[in-house]
Every structure is written in structure tokens, then in C-alpha cells.
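Given these sequences and hints, build the entire structure.
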Amino acid sequence: MTEHFPVLILLVPLFGALIVVLLGKERPNQCWMTSLISLGISSIISLFTVVAVLADKFQTIRYRMGGWPESNGYEVGIELRVDILAALVVFAVTFVGFVNTIYSKTRAEAEVQDKVSFFYALIQLLIVGLCGIVMTNDAFNLYVLIEITSLTSYALIAMGNRRAALSSFNYVIMGTIGASFYLLGVGYLYIKTGTLNIDDIRMVLGNNNLWEHQSIIVAFIFIMLGVWTKMAFFPLHGWLPNAYAYAPSMTGTFMAPLMTKVMVYVMIRVMVWLFGNEFVYSGQHVWGELVIWMSVIAIVAGSLLALARTDIKKMLTYLIVAEVGYMVGGAWLGNVTGQAGAFYHILSDAAMTFCLFIAASIIVLRVGDSRVNAFDNLFRKMPLTMIGFTVGALSMIGLPPTCGFFSKWYLISGGIEAGQWEYVCALIFSSLVNAVIFFRIFERAYFGQITEVKEDFVPFDSDANPETAIKEVPWSMLFPLFIASGFVLLVGIMNRTLFEWIQTALKMVNT
Amino acid sequence: MDPIIATFIEDNIVPKFNYWIYVILMMIGLYAMITKNNLMKKLIGMAIFQTAIILFYVSIGVKDTAGIPIISHHGSEHHQGATVHSESGSSSEEVSPVKVKNNTIDKDKYANPLPHVLMLTAIVVGVSTLGLALAISQKIFKSFGTLEEDEILNKLRPGSQ
Amino acid sequence: MLSATKDFPDWRDKDSPANEGTVSSFYIEKTEDLTKVPNMVTAVLADFRGYDTMFETIVIFIAGIGIIAVLRNFDEPHSSSIQRENNDEGGGLLARFTCSLILPFIQIFSLYVVAHGHHSPGGGFQGGVMLGASYILLALAFGLSKAKERFSERRTMIFAAVGIFIYVGWGVLCLLFGEEFLDYSALNSILPGDAKMARSYSMLMVEIGVAFTVTAIMFSMYSNLSTRGRLSKGL
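These protein sequences, in sequence, are chains A, B and C. So for the first sequence, this note's numbering puts the first residue at 245; every next one is plus one. So for the second sequence, this note's numbering puts the first residue at -12; every next one is plus one. So for the third sequence, this note's numbering puts the first residue at 201; every next one is plus one.
These are calculated hints, taken from the structure and not from any lab test. Watch out, some of these pointers could steer you wrong.
No more than 27 Å apart at the CA atoms, straight line, and that leaves these computed lysine-lysine pairs for DSSO-like [what the hints assert, rightly or not]:
1) B:Lys142 <-> B:Lys23
2) A:Lys349 <-> A:Lys558
3) B:Lys142 <-> B:Lys129
4) B:Lys142 <-> A:Lys558
5) B:Lys28 <-> B:Lys129
6) A:Lys751 <-> B:Lys129
Chain A side only, calculated, beta carbon under 7 Å to chain C, not exhaustive [stated by the list, open to error]:
7) Leu266
8) Gly321
9) Ile322
10) Lys359
11) Phe362
12) Val388
13) Ile392
14) Ala402
15) Met403
16) Pro645
Heads up, the beta-carbon is just placed ideally off N, CA and C, and yes, glycines get one too.
Now the structure itself:
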């Protein structure tokens, strides 16, 4: 039975989405319950998958769709490939989805009115797409799954207000360019190799020594450009701030922690498994240095732009841009520490962003204001929420024992090992900027007073007096926040173990 | 100078003219998507771009002597005369005009089916994206009253925070 | 981009790696043998790369429900709705007459395309689009309200979901019989014929599922886009 786990992880939310659509819009509670159950089952199965891969001494699970055996050493069908890295990311994705569904119960009806069933269907299909991306071993299947996640995100964002619709349109344009570039790159590879399976492409490239061919280099550049657009790597990040900031609050918490990180995973997959370490890091191509400088600019720009914002959500989205810069730079450093650090950062950044976004949405909802003023005196009024926010903030700054500290530690040691001092400096700089940002917020939250009320203050419940209305939110919304902060701490405490697992998997790539 | 250009054209462009066409189409689509102001024109550019990629893929599978990728048994008797006639120019040495000789199938006679399959999927994805983008632009039009990007941004700017 | 074209095989080159490669050769040579389906494209689409096709169907499904989620406005225009329904005549007399003549043929032909996808160009997507187009033609000629009588919104959603259910459910059926997901040969115990015919029949079932979904979503997309989500008065 365990060999079917990868498929089951995908199938359960898929069925959940279909059932939700059939339930229709008249029964929002059942829709919520169905998605909760399906995502819960899916995360449990993915946890079992992690255990199964570990127990099997890190052997990857290979799952052939349709059961077609190889012919002359080439895969004929589509193959799923789950190693410890994929299993960890799948678990993170399904777990975040599950916890988010708990969070969305109270807000679903208010924000999307009578389209609740479609919302939950789209959410589950998004999770299906993300898990599929992580597990697949076929380049074209990857494209189809990227488009599934993109289409669900476009629709989910556009369900908001009018600014959200405009940002979604920009996202559509940029996202399609990115995905099409990826498709073009895959086409180039197919012309030269004749197969679409990731391992087989690597084999053919190695056998026929196609590394120096112009088309392979161009294919690599196109695939990279496509994936960078999708993960909002500076300067291709234009769609991210508006799209995530104006999205309805529940969709923001679903998408912000997951989409860009899974794209970083795709980038690492393509670099290490599709093209191979020798090709990417060999000295003949100057792009190593170039990409690291680009990531340095991304980190610095992201941090500075976040500093300049007064709107909480916009600020968080620029921090995401900076985090993506960390990961891209880490992956391109050229050593296993850097790659493993970047991968560890995928997990820790998912946790951090999740925690911060939930906290920010709760605060924005309660206070009715999304500017930094919202934080005035919040430690007294909403202490529990602020604790959750603080955990996420400390992780962004990089203080132990949160996971942010350890991921920065690994990335910095990878940078020192590779001799890329500009990268190390950028990381330290960004930690300082994050500290400034968040301590400013903490100062307001401790010492500020509510001096002015926004004109269109919309109270969360019937209490219209801003002084007393800002109290804690119901437990169903706080509970996910605590799980998220717990996740942040857990990933931090387990960092040694996780890092060793990741390093083992990366070293197992047969060159 | 002229012979150099001529050989360059003859070696690189003429046998591969299909690829040059697609690149030009893609550039047209990309230009429209990025520079045009009207949202509808951007969408049209997106459609052109995606169609160019689809054409690129399909052209990979074309072979000189190949027909459609469907193995046909029935047409062989009727078309015997025609196939013998068309075979005379081909480079294969088979004697029988039927595409299926005994139990093996000559793969030179059939176009590569894999790009066709991939592009069916890509066309469907493109149509879905276009439909969703049209719905979003309808919503934008309903909220803003215009589809020109600069007018929309102007409407947002004075009233925004 | 252009620099890479130097590298590419020539137009219509049959010796390029993509065409000579093992994967494509396998498809061409072994398809009929292994699946008894002469149309290689359908065989690759529905069997060898069936997993991809499943996701493709999901993509169309997402587009349909995404459009509804983005656009659909569920408020009923109370005041003149009944009057508007009566005035909604669609095209003129000529359009209605012509359509009532040719619509049955279009529908039968589209069902033929779905069913005959194994032997001629066709299959689920193509047939589904034509069937959806026939309903759109109905809406154009007779007015959206008439078409909605036949194919209401609830029904389109059910059709779409059922279509994907058929596809995924068929794959799960293979799982239950002990083989991998979407490995159709596992079903030869319940289907007539040997393992190879099981593949052929399963492909037909799967294509039918795809056709359901595509039809429903095509019509739903049209009705939502043309009425800006109100579903009250068509084009």
C-alpha cells in the first residue's frame, strides 16, 4: 500500500474539490468540512510518506503512472519521483493548506459571499497542483501542473475587490509569459534529446555530450527565466506585491507561503537533476557570478522596499521578494551547503511567511486598518495575536531558536565556503533592515496609543467603538496562528536533523 | 560579401525557416503583451505568443515521408495506386506500398505523435487561460468603466491611500 | 533565441533525435500491438500519458469554475426579469430555422467524433468542444433562456464534476485492482477481451469523461462571459 501513497496525496483533495462543487453553494458548512477532511487526510498521508522514505534509507519512491515499464532504458509513461526533499515539501504544502482551512472558516462567507463552494474547490485544486509539481518527474507534466496552480491563483485573487482584479490581470500576463518561457525551454530540450523524463534527459545530455550546444544553453536560460518569473525573483517580481496584498485575506494566507517556495523547489530540481551540477556550475559559463549578483540586488531591493512601506501586507510581500533572493543566491553558490541551505530555507520561509501572514490578516481584520498604525497598543489589546506575530518576526530577523536563524546560518556558511562575500553581506544587511522594520512595529505595539481612527473603520462585529472593539479574535482564528508559530519553532529546533536529511539527498545525486 | 550572405541564408535560414517564423511570431506577441495599453490587446498578444509556441512544437514532429499518425489498414487496397506513385520519390527501400509490412510498422511513415499530444494539452491550457483572463477583464471593466491601463491607474491614484 | 536555431535539425528531418528517439519509436511501433488502438495520438494521450490528460481536464474545469467564481453575480434582477425573458428571442427567424435543422446533426457528429477517436482523428476534447458549441449555437439562435432550460447552471456543474469523476474514478478503479493508478490492464477481469482490449475500452471511458467535462465547461464559459455573470440575457 505504501507505494501508492504519492498518488493518494493527490487524489484525496481532488475528490474533495469535486465533492465540494457538487455540494453547491447552498451548503457552505459542508464544503468547509469536506475540504478540512480531505486536506487533513492528505497531510497525514504525506507525513507517512516522509516516514516511508526515511525508513527505506532515503530511497526514492518511483511511481510509474499507468504502469508502463521502460523501453530500452527510457521511460515511456509519466513517472512520479518522491525523495526526502519532495516528501518534506509535500508535507509542508498539505499541512499549511490544512491549517489554513481551519482559519478560513469564519472569513469565507464574509469575503466571498455565496461562492464559498467554488472557493474551497479552487483551494483544493491549488494544493493538488502544488503537490503534483513537487512529485513529478516529467518536464511537460511540470508545465501542466504549474499552469494548474497559476490558474487557480488567478481565479482566487480575482475574487476580491476591484484592485484585486487588476492585480490578478497583471499576474495573468506575467505568469503566462513565465510559463510559456518554461515550455519553450522544454521544447528545445525535447528537440535535442527526444524524451521528456527528467532523469532521461540528463542521461541523454550526458551520453551524447550535448553540454556545449547552443540550444541547451538557451534552453537552460529560458527555463530559468520562466521559473524566476513565477517565483518573483527581482526584477521579475512586479506582479507579487499587488497580487498578494490585495487578495482576499484567506487566499493571501494560502498562496503567499506556498507558491513561490514551490517554484524555488522547481528551480533546484531543474538545476540539480535535469541539467546536473557540472553543467550549471562549471566555470565556462559566467552566469554563476551574474545570478549571485542579481540575488544580492534582489535581497537589498526587497528589504529596502519593505522598509519604505506603510502598509503591512505590502511590506510582507516585499519581504517575500527578499527571501526569494536568499534562496536563489543560496542555490547558485555552487556547493552542497548552499543548495541545502536554500532548500532548508524553503521550509523555514514557508513557515515564517505563513505565520506572519495569518497574524497580519487577523490584525487587519480586527483593527480595520492595514497601515502600520494598526499596531498601536496592540500588545495590550490583542496579546495572543501579537505573540504569534512576534515569533514570525523574530524568525524573519533571524534570532534563535526560530528557523530563520538557522537558515541564515546555513546560507551564510555556504556563502563563506564559496567565497561569495557580497552574498554574505547582503544577508547580514537584510537581517538588520528586518530588525529595524519589526522593532519599529514592536515599539508601536507596546507604547503607541490609538490617536486617530481611519474614516472608513469597519468594525469586525457590532461593536462600533474603536477602543473596545479591538479585542481578540475568536479561537478558531487564533488556533491556526499558534499552529503556525509552533511550526516555525519546530522547524528551527529540528534544524540539524532536517539539514542532514537534505544534505544526504543532495549528495545522492549520481553525477 | 554577397556569397557569404547567400551561404548563411542557405545554410541557416532556408532549411530551418519554420523556426525563424516562430521566433518572429513570438516576438510580436511578446511586444504586444508588454507595450500595449489596452488590456484586450495584451490578451491578443498573449494568444499570439502561445500559438507561436504551439506551432513550434508541432513542427518538430514533421518528417519528410510521413503521413498522419494513425495506422491504417483499410486504406491500403484502395490507395495502392496512389501510394505506389508517391513512394517513388521516397528514400525507403520497401517494396509493398502498404504502410504495415508484415508485423512491424515502419516508423518513417508516421509523423511523431508525441508533439501532437503535448500541444493538445497546451492548446487546452491556453484556451483556459484566455477564458479566465477575459472574465477578469470583464470584471475590471465593470469596476472601472474602461479597459485602458493608464486610465485605470489614474482612477486609482487620487483616491488611493 | 535565434542563435539556437543553428543547432536545430532541419525542417522535416526524420533523423532528428526527437523523431528517432526511443520514446517516439516505441509509441509508433508498439501502440497498436499493446493497445489495439490505431490512432497513436489518442493512445498516447489517453493511456501512455493519461496522467497529463487528467490534469488537462482539471485545467478546463478550473477555468470554468474560476470564471464563475470571478464573474458570477447571483443577485436576481427582480423587476423586469419575466418581461426580459419573453423578449429574449436570440437570433432572427432564419437563424432559428437553420439551427433547428442542423443542430441534431452537429450533436450526433460530435458524439461520433468522441467514440471514433480510436480510429480517426478525434477524441474527448474535440468531440466535447463540438458538443459544447452546439449548445452555444442553441443559445445564440434561440436565446440564452431557451438554452438554459436544457442545460441549466446546476446541470453544467454536475456534468463537469461527473466527467472528472469518471476519469479519476477509472484510475482509482485500477488502483483498487492492485496495479498502479491509471494502469488499465488491471481491469481485464471486468472488461471483455484480453488486457489489450481492456486498454482500448478504458480509453473510451476516459474520453467520455473528458467529453462531459469539456461540453459542460464550454457552455458555462459562454453563458458567463456573454452575460457578465448575470445569466439573464444572452448576446
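Comparing the hints with the structure gives:
Restraint check for B:Lys142 and B:Lys23: satisfied, since their Cα atoms lie roughly 19 Å apart, inside the 27 Å limit. Proximity of A:Lys349 to A:Lys558 is assessed by CA-CA distance (about 24 Å); at most 27 Å being required, the pair is judged to hold. At most 27 Å may separate the alpha-carbon atoms for a hinted pair to count; B:Lys142 and B:Lys129 meet this at roughly 14 Å. Taken as a hint, the B:Lys142 and A:Lys558 pair is honoured in the structure, with Cα atoms around 20 Å apart against an allowance of 27 Å.
Restraint check for B:Lys28 and B:Lys129: the C-alpha separation of about 18 Å stays at or below 27 Å, so the hint holds. Taking the CA atoms of A:Lys751 and B:Lys129, the gap is near 55 Å; set against the 27 Å cutoff, the hint is violated. For A:Leu266, the shortest C-beta to C-beta distance to chain C is roughly 5 Å, which falls under 7 Å, so the interface hint holds. This hint holds: A:Gly321 has a C-beta 5 Å from the nearest C-beta of chain C, less than the 7 Å allowed.
The interface hint given for A:Ile322 holds, since its Cβ lies 5 Å from the closest Cβ of chain C, which is under the 7 Å cut-off. Given the 7 Å rule on beta carbons, the hint for A:Lys359 holds: about 5 Å separates it from the nearest Cβ of chain C. Hint on A:Phe362 holds. Least Cβ distance to chain C is approximately 4 Å, under the 7 Å limit. Given hint, A:Val388 at the interface with chain C, holds; its Cβ is 5 Å from that chain's nearest Cβ, closer than 7 Å.
Proximity of A:Ile392 to chain C holds as hinted, the smallest CB-CB distance being about 6 Å (cut-off 7 Å). The restraint placing A:Ala402 at the interface with chain C holds, with a minimum CB-CB distance near 5 Å, inside the 7 Å limit. A cut of 7 Å between beta carbons decides the hint on A:Met403: the least distance to chain C is about 5 Å, and the hint holds. The interface hint given for A:Pro645 is broken, as the beta carbon of that residue sits about 40 Å from the closest beta carbon of chain C, more than 7 Å.
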